[in-house]
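Mind docking chain B on chain A? Use the hints.
Read off the chains here:
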Amino acid sequence: GNSVTQMEGPVTLSEEAFLTINCTYTATGYPSLFWYVQYPGEGLQLLLKATKADDKGSNKGFEATYRKETTSFHLEKGSVQVSDSAVYFCALASYSSASKIIFGSGTRLSIRP
Amino acid sequence: NAGVTQTPKFRVLKTGQSMTLLCAQDMNHEYMYWYRQDPGMGLRLIHYSVGEGTTAKGEVPDGYNVSRLKKQNFLLGLESAAPSQTSVYFCASSYSVLDTGDSGANVLTFGAGSRLTVL
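Chains A and B supply the protein sequences, listed in that same order.
Each residue of the first sequence is one higher than the one before, counting from 3 in the working numbering.
Each residue of the second sequence is one higher than the one before, counting from 2 in the working numbering.
Among these hints, one or two may not hold up.
[To be verified] 30 Å max Cα-Cα, derived DSS-like pairs, lysine-lysine:
id, chain 1, residue 1, chain 2, residue 2
1, A, LYS54, B, LYS58
2, B, LYS72, A, LYS102
3, B, LYS71, A, LYS102
What the hints contain is simulated information worked out from the structure, not anything from laboratory work.
For reference, chain A alone in the conformation it holds in the complex (with noise of 0.2 Å):
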């Protein structure tokens, strides 16, 4: 079945620090791929999405690009700020999924000042 593995957290890094947080997929078909962001206290919400292979999204000065041949969307961004610090969620939908989005495990990230 398609599955989503993300690594694990918690993350810490500095203010200005480069950002990698690894997601690859399992699934038949060609999903799309997301990245949701859940800041504390809150609800998870939309941070990029592609829908194709070498799709690259962005948002928020965060990147992922949808590799296909390593079945990978690993979110990155160049310049960490504080207000950065939430959980990271990668998730994918596709055909086979029936109707369901499924999403990793999460990744939390800390950014220090």
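Using the frame of chain A, we list chain B on its own:
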């Protein structure tokens, strides 16, 4: 503001009590979902609905029931609460989960969450 509203935000129950969580959305979305979030487990799908009058089981449906009598509302019920159901519950909705070519079609909009404690 348009969006997904969950009530209540907090609730404490005793083992064996029953309760209902209400989710309401005003975006005319067809699909609605209930997830639970537990430390280290990410989000797990409890039940979902692809339209008014329909419901389906997700990954962890045992101990929960749902109803979608109106398109805008999705209710999650616990008939006999257990400590294992202590969690944060999130409702979400979308136009469609499948890629229809509309960039917004399969994006989930989440509520702020309902924290439930079962003693």
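The hints, checked one at a time:
| no. | hint | result |
| --- | --- | --- |
| 1 | A/LYS54 <-> B/LYS58 | 28 Å, holds |
| 2 | B/LYS72 <-> A/LYS102 | 18 Å, holds |
| 3 | B/LYS71 <-> A/LYS102 | 21 Å, holds |
The structure is consistent with each of the numbered hints, conforming to all of them.
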